[in-house]
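Those sequence lines, one after another, are chains A and B.
The C-terminal position of the first sequence is numbered 346 in the UniProt record's numbering, with every residue numbered one higher than the one before it.
The C-terminal position of the second sequence is numbered 346 in the UniProt record's numbering, with every residue numbered one higher than the one before it.
No wet-lab data here; the hints were simulated from the structure.
One thing to keep in mind: the hints can contain errors.
What the hints assert, rightly or not - A short, non-exhaustive set of chain B residues, derived as facing chain A with CB atoms under 10 Å: (1) L60; (2) R232; (3) E331.
The beta carbon of each residue, even a glycine, is placed where N, CA and C say it ideally should be.
Protein chains: 2
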Amino acid sequence: MKPMAPSSIDLTTGRIDLTHGAGGRSMAELITDLFQRALANEWLAQGNDQALVAVPPGRLAISTDSHVVSPLFFPGGDIGRLAVNGTINDLAMSGARPLYLAAAFILEEGLPLADLARIVEGMASAARAARVAIVTGDTKVVERGKGDGVFITTTGIGVVPEGIAISGDCAQPGDQILINGPVGDHGVAILAQREHLGFESEVCSDSAALHDLVAAMIAAVPQIHCLRDPTRGGLATTLNELARQSGVGMRVFEEAIPLRPAVAAACELLGLDPYYLANEGKLVAICPPDAAETLLAVMRAHPLGTESAIIGEVIADPQCFVSLRTRLGGERLLDWLAGEPLPRIC
Amino acid sequence: MKPMAPSSIDLTTGRIDLTHGAGGRSMAELITDLFQRALANEWLAQGNDQALVAVPPGRLAISTDSHVVSPLFFPGGDIGRLAVNGTINDLAMSGARPLYLAAAFILEEGLPLADLARIVEGMASAARAARVAIVTGDTKVVERGKGDGVFITTTGIGVVPEGIAISGDCAQPGDQILINGPVGDHGVAILAQREHLGFESEVCSDSAALHDLVAAMIAAVPQIHCLRDPTRGGLATTLNELARQSGVGMRVFEEAIPLRPAVAAACELLGLDPYYLANEGKLVAICPPDAAETLLAVMRAHPLGTESAIIGEVIADPQCFVSLRTRLGGERLLDWLAGEPLPRIC
Ligand SMILES: Nc1ncnc2c1ncn2[C@@H]1O[C@H](COP(=O)(O)OP(=O)(O)OP(=O)(O)O)[C@@H](O)[C@H]1O
Ligand SMILES: Nc1ncnc2c1ncn2[C@@H]1O[C@H](COP(=O)(O)OP(=O)(O)OP(=O)(O)O)[C@@H](O)[C@H]1O
Ligand SMILES: [Mg+2]
Ligand SMILES: [Mg+2]
Ligand SMILES: [Mg+2]
Ligand SMILES: [Mg+2]
Ligand SMILES: [Mg+2]
Ligand SMILES: [Mg+2]
Numbered sequence: 001m002k003p004m005a006p007s008s009i010d011l012t013t014g015r016i017d018l019t020h021g022a023g024g025r026s027m028a029e030l031i032t033d034l035f036q037r038a039l040a041n042e043w044l045a046q047g048n049d050q051a052l053v054a055v056p057p058g059r060l061a062i063s064t065d066s067h068v069v070s071p072l073f074f075p076g077g078d079i080g081r082l083a084v085n086g087t088i089n090d091l092a093m094s095g096a097r098p099l100y101l102a103a104a105f106i107l108e109e110g111l112p113l114a115d116l117a118r119i120v121e122g123m124a125s126a127a128r129a130a131r132v133a134i135v136t137g138d139t140k141v142v143e144r145g146k147g148d149g150v151f152i153t154t155t156g157i158g159v160v161p162e163g164i165a166i167s168g169d170c171a172q173p174g175d176q177i178l179i180n181g182p183v184g185d186h187g188v189a190i191l192a193q194r195e196h197l198g199f200e201s202e203v204c205s206d207s208a209a210l211h212d213l214v215a216a217m218i219a220a221v222p223q224i225h226c227l228r229d230p231t232r233g234g235l236a237t238t239l240n241e242l243a244r245q246s247g248v249g250m251r252v253f254e255e256a257i258p259l260r261p262a263v264a265a266a267c268e269l270l271g272l273d274p275y276y277l278a279n280e281g282k283l284v285a286i287c288p289p290d291a292a293e294t295l296l297a298v299m300r301a302h303p304l305g306t307e308s309a310i311i312g313e314v315i316a317d318p319q320c321f322v323s324l325r326t327r328l329g330g331e332r333l334l335d336w337l338a339g340e341p342l343p344r345i346c
Numbered sequence: 001m002k003p004m005a006p007s008s009i010d011l012t013t014g015r016i017d018l019t020h021g022a023g024g025r026s027m028a029e030l031i032t033d034l035f036q037r038a039l040a041n042e043w044l045a046q047g048n049d050q051a052l053v054a055v056p057p058g059r060l061a062i063s064t065d066s067h068v069v070s071p072l073f074f075p076g077g078d079i080g081r082l083a084v085n086g087t088i089n090d091l092a093m094s095g096a097r098p099l100y101l102a103a104a105f106i107l108e109e110g111l112p113l114a115d116l117a118r119i120v121e122g123m124a125s126a127a128r129a130a131r132v133a134i135v136t137g138d139t140k141v142v143e144r145g146k147g148d149g150v151f152i153t154t155t156g157i158g159v160v161p162e163g164i165a166i167s168g169d170c171a172q173p174g175d176q177i178l179i180n181g182p183v184g185d186h187g188v189a190i191l192a193q194r195e196h197l198g199f200e201s202e203v204c205s206d207s208a209a210l211h212d213l214v215a216a217m218i219a220a221v222p223q224i225h226c227l228r229d230p231t232r233g234g235l236a237t238t239l240n241e242l243a244r245q246s247g248v249g250m251r252v253f254e255e256a257i258p259l260r261p262a263v264a265a266a267c268e269l270l271g272l273d274p275y276y277l278a279n280e281g282k283l284v285a286i287c288p289p290d291a292a293e294t295l296l297a298v299m300r301a302h303p304l305g306t307e308s309a310i311i312g313e314v315i316a317d318p319q320c321f322v323s324l325r326t327r328l329g330g331e332r333l334l335d336w337l338a339g340e341p342l343p344r345i346c
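Only chain A is shown next, with the shape it has when bound in the complex (with noise of 0.2 Å):
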């Protein structure tokens, strides 16, 4: 392909003006020399409007989130290696090897060049990490005060094994519930960057890509029900959403869910509940009774789930409560989360 011109990029001091959008030269100049440069493949570099792609045969899972965090930076991570992790985690939930990504930019006028290319680095450094590719992309630019920085949309695309059948709706009574860590990490992150809450905390977000942890899982335990990632809505809206889908109820144990003294403390002086903060690095597992101690083996035995612990069961309620044995012996309702404690959050 022939080079353009010399570029008008200049990721040092430049920003973000709206012809970075509009379809002409710079926007080709800046796909050509940050978002291609950073997440270098054979496919970014063909330049065409779609990318093509193999896939071994099987069944194909796709998801894909919009992540409009706020602060774009935070101790643990930043909106990039989050978009780059959060859709292979989605994929990860079916057991899904998760292959290739797209990732669409909406920028605003005015962003610094310098933040978004530390932002496209991260995704870059995820995605290698992950082994996936980032090989479709978009840029649109926003007037300023129609954005906030920049969002980004990434949607993934990846195979799930045969003999494989995770699915929200598979829980029973009976079932063991295990989570791979502590949780409320990312939601009091979040929570300490935002200034005006007056609030500091050595909290890091958990942000991971599970896609590893969930291949060891299922090869020894392909017989798992259910796995979701507890992000927006926390432990609790997850727990909710699986009993609904499987028309079961739950049981958790509190003193059974790991929970950071850190997180617990920042919990207290802020009034939250961190069953109802967001995580992007925990999955919950769904397994029959039989195989839940082979399960937690495997994954405090992995990097992502030294933590890990069996939290609760599954029980049979037509009306699909969730419940929280507390440490005292009493019991309380775990709702759906409701209300808006954490906006943008992911």
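Knowing the structure of chain A, use the given hints to seat chain B with the ligands on it.
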């Protein structure tokens, strides 16, 4: 699945608030009452984090576009139809048969639910007409002043028939250049809606899904070299992209390029060049010279190509210039779009 308690969603007078993006009960209600109802299909009904789809064997095409058009409704379409057709078209430009779409929504607090419902209905009807299914989605909400009503990112996958190898780098000197109808309609339709331009016209957007037209074209002329939809940047920029990718030059003829009188008049009035205006239902095709008449006949026989024309030819030129032979016999350079005549056009 157990139905939720009575829903709080009022699609007539309600507005989007932050709870609709918080991941809890009211987001679930919005998804159930609006998105799943309008887009109804087996995958969405499942409610998992991803959709599992079957794809026939073959190479897979994947493409993504964010849509940020302003205004949201315009003559000939709306942001929802544009989002469905736009991604279908980018898939079709590889010769692929589009199969499945993902749709991610970034909603601004305060958006009337009636507007959102109208947009989603438009998407549903465009998807039905194109025989594609919107199988998975996402819903985020940003605070008032951090978005602009609604942004929609659609990502699609499709399957490329065997024996088809269409790519922007395949144009060869001697090839003929075709288009399926008049240029600039979409750009003028949007412009005319921007009140501050104090300008009215009867021009409608050409927004359309081109995959059926493409299927007819490749059935008749499987050796098509290039296909591209001249969206942002218009015909001129698309030709430059293809010229650069293929390392060739191009010459097009002013008198051969279809143009509606109303679009010509609007361009005259506003000092715009129609070759840089966006189209949303046009394609440029490049094919070997001996196939051009066959291709033209097939295009003209299709409802979306009745005004098709051969508009120029590919020439050898290491500089990759695109030139326009004017009606008066002069020749001028048709460069890449520079600057920003029309922000937020798609
Ligand atoms: N942010 C990005 N990251 C990586 N690749 C990108 C990005 N933006 C665009 N691209 C790539 O650049 C090329 C041109 O993208 P562009 O969006 O102009 O194509 P299009 O979708 O056909 O046009 P339009 O968006 O106007 O409909 C494509 O190959 C696309 O995958
Ligand atoms: N606008 C929409 N249109 C159609 N389906 C949607 C829409 N928004 C969400 N969905 C569907 O609703 C379900 C829940 O979506 P949700 O975004 O909560 O899942 P998630 O991506 O796992 O969570 P998060 O977005 O917090 O990471 C999924 O099946 C998703 O496909
Ligand atoms: Mg998600
Ligand atoms: Mg999820
Ligand atoms: Mg695009
Ligand atoms: Mg496009
Ligand atoms: Mg295109
Ligand atoms: Mg989502």
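Given E331/B as an interface hint, is the shortest Cβ-Cβ distance to chain A below 10 Å? Check failed: Cβ of E331/B comes no nearer than 20 Å to chain A, outside 10 Å.
Is the shortest C-beta separation between R232/B and chain A less than 10 Å? R232/B check passes; min Cβ-Cβ to chain A is 3 Å, inside 10 Å.
Does L60/B hold up as a contact with chain A if the rule is Cβ-Cβ below 10 Å? L60/B check passes; min Cβ-Cβ to chain A is 5 Å, inside 10 Å.
Going through the hint list in order, the structure does not satisfy hint 3, though it satisfies all others.
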